[in-house]
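Residue numbers (the working numbering), protein chains in the order written: chain V, 1 to 142; chain A, 1 to 157.
None of these hints come from the bench; they were simulated from the model. For glycine and all other residues, C-beta sits at the position ideal for the given N, C-alpha and C. It is possible that part of the hints are untrue.
[What the hints assert, rightly or not] Covered, in the sense of this in silico footprint (three residues per stretch, anywhere, with C-beta under 8 Å from a C-beta of chain V), are these stretches of chain A: (1) 27 to 33; (2) 36 to 50; (3) 63 to 75; (4) 107 to 116; (5) 130 to 137.
If you want the building blocks of each chain, they are given just below.
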Amino acid sequence: MNRLFDIDISEAAQSLAVANTPYFLLRKLKTDPAVREISERFSQDEILDGLRTALEADPTESVNAVRPYVYLAALSQKPSPEALKAATTLQADKWEWYLLIAASFLETYFSISRQTFRAEPIILSSARPTSTVPASRIVFKA
Amino acid sequence: MHVILRSVELSLNTRRQRQIKNLLDWLPMHYGAALQVKDLQKKYSRGVHRPVDASRKYNCHGLTFASRRTRIEEAAEIKKIIEDDEYVEINRNEALPGDVVVYYVDGDPEHSGIVVSMEPLAGPLVLSKWGFCQEVVHRIPECPYDARHVVFYRVVS
Numbered sequence: 001m002n003r004l005f006d007i008d009i010s011e012a013a014q015s016l017a018v019a020n021t022p023y024f025l026l027r028k029l030k031t032d033p034a035v036r037e038i039s040e041r042f043s044q045d046e047i048l049d050g051l052r053t054a055l056e057a058d059p060t061e062s063v064n065a066v067r068p069y070v071y072l073a074a075l076s077q078k079p080s081p082e083a084l085k086a087a088t089t090l091q092a093d094k095w096e097w098y099l100l101i102a103a104s105f106l107e108t109y110f111s112i113s114r115q116t117f118r119a120e121p122i123i124l125s126s127a128r129p130t131s132t133v134p135a136s137r138i139v140f141k142a
Numbered sequence: 001m002h003v004i005l006r007s008v009e010l011s012l013n014t015r016r017q018r019q020i021k022n023l024l025d026w027l028p029m030h031y032g033a034a035l036q037v038k039d040l041q042k043k044y045s046r047g048v049h050r051p052v053d054a055s056r057k058y059n060c061h062g063l064t065f066a067s068r069r070t071r072i073e074e075a076a077e078i079k080k081i082i083e084d085d086e087y088v089e090i091n092r093n094e095a096l097p098g099d100v101v102v103y104y105v106d107g108d109p110e111h112s113g114i115v116v117s118m119e120p121l122a123g124p125l126v127l128s129k130w131g132f133c134q135e136v137v138h139r140i141p142e143c144p145y146d147a148r149h150v151v152f153y154r155v156v157s
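Please construct the entire structure, taking both the sequences and the accompanying hints into account.
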């Protein structure tokens, strides 16, 4: 948990400080490097636990004030929406944009078509030492 | 008797008497806001950073459209004000002091300000408030907001 809270989220705090609308903050979080780092380094359960802890704090300090939004954004970048769905049900009265931002991330999540497919290489021609054409032509077939 | 002032909505109407959704937040600023103000002063050093404290009471739209009384955050409310108060869109090169500018991203009015002068080379100078932070007089692109789609408006009658 401490490691999660040690990630520097000061850039996100600055985004919150200059946000005139919640959607400005939302756009900034989508490209925030700390959000990406958290999403890549921590499991969704760890982030969700961190979010619950963050919501128990008071948003009186600029970094704590943005922390729940950062964790929501990190959950939105996970391959499964389950933790993000759970996050939308948490009590967050002290964070005025929480519900709107959580709902927006969830809506964006489901509006993006996510499809995983496996590509298998098919070798069409073999390498020949004297050939001037590429050693091989490999086409990936979905 | 101490009165604890928290968030309230002011009675605030457009010319056509429709209520403008707003939020006057009396809560104190976050600790650390003063440092964020200083960071912005350093980063945007060409702007005139007015010596006013960071405040949750009003935002840029509150400055532009509500005389610094409150915060207005929703796109639908800005649209309502522009329609009901009879703002007319004008070209950037026609802008004069007193006109307003709105910065849009995907329909979201992420920033607004009031034109305070027209510089021969730099174009309009704008007075605006940057979120919870300070008021700044700045050139159109020299702020934390996306200036690729800005629209100028004027009330003509």
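Going through the hints against the structure:
1. 27 to 33: That given contact holds, which follows from 5 residues of the segment 27 to 33 of chain A lying within Cβ reach (below 8 Å) of chain V.
2. 36 to 50: holds (count 3)
3. 63 to 75: holds (count 3)
4. 107 to 116: Our answer is that it holds, as 5 residues pass the Cβ test (under 8 Å) against chain V, meeting three.
5. 130 to 137: Check passed, 4 qualifying residues.
Violation of the numbered hints given earlier is absent; every hint is satisfied by the structure.
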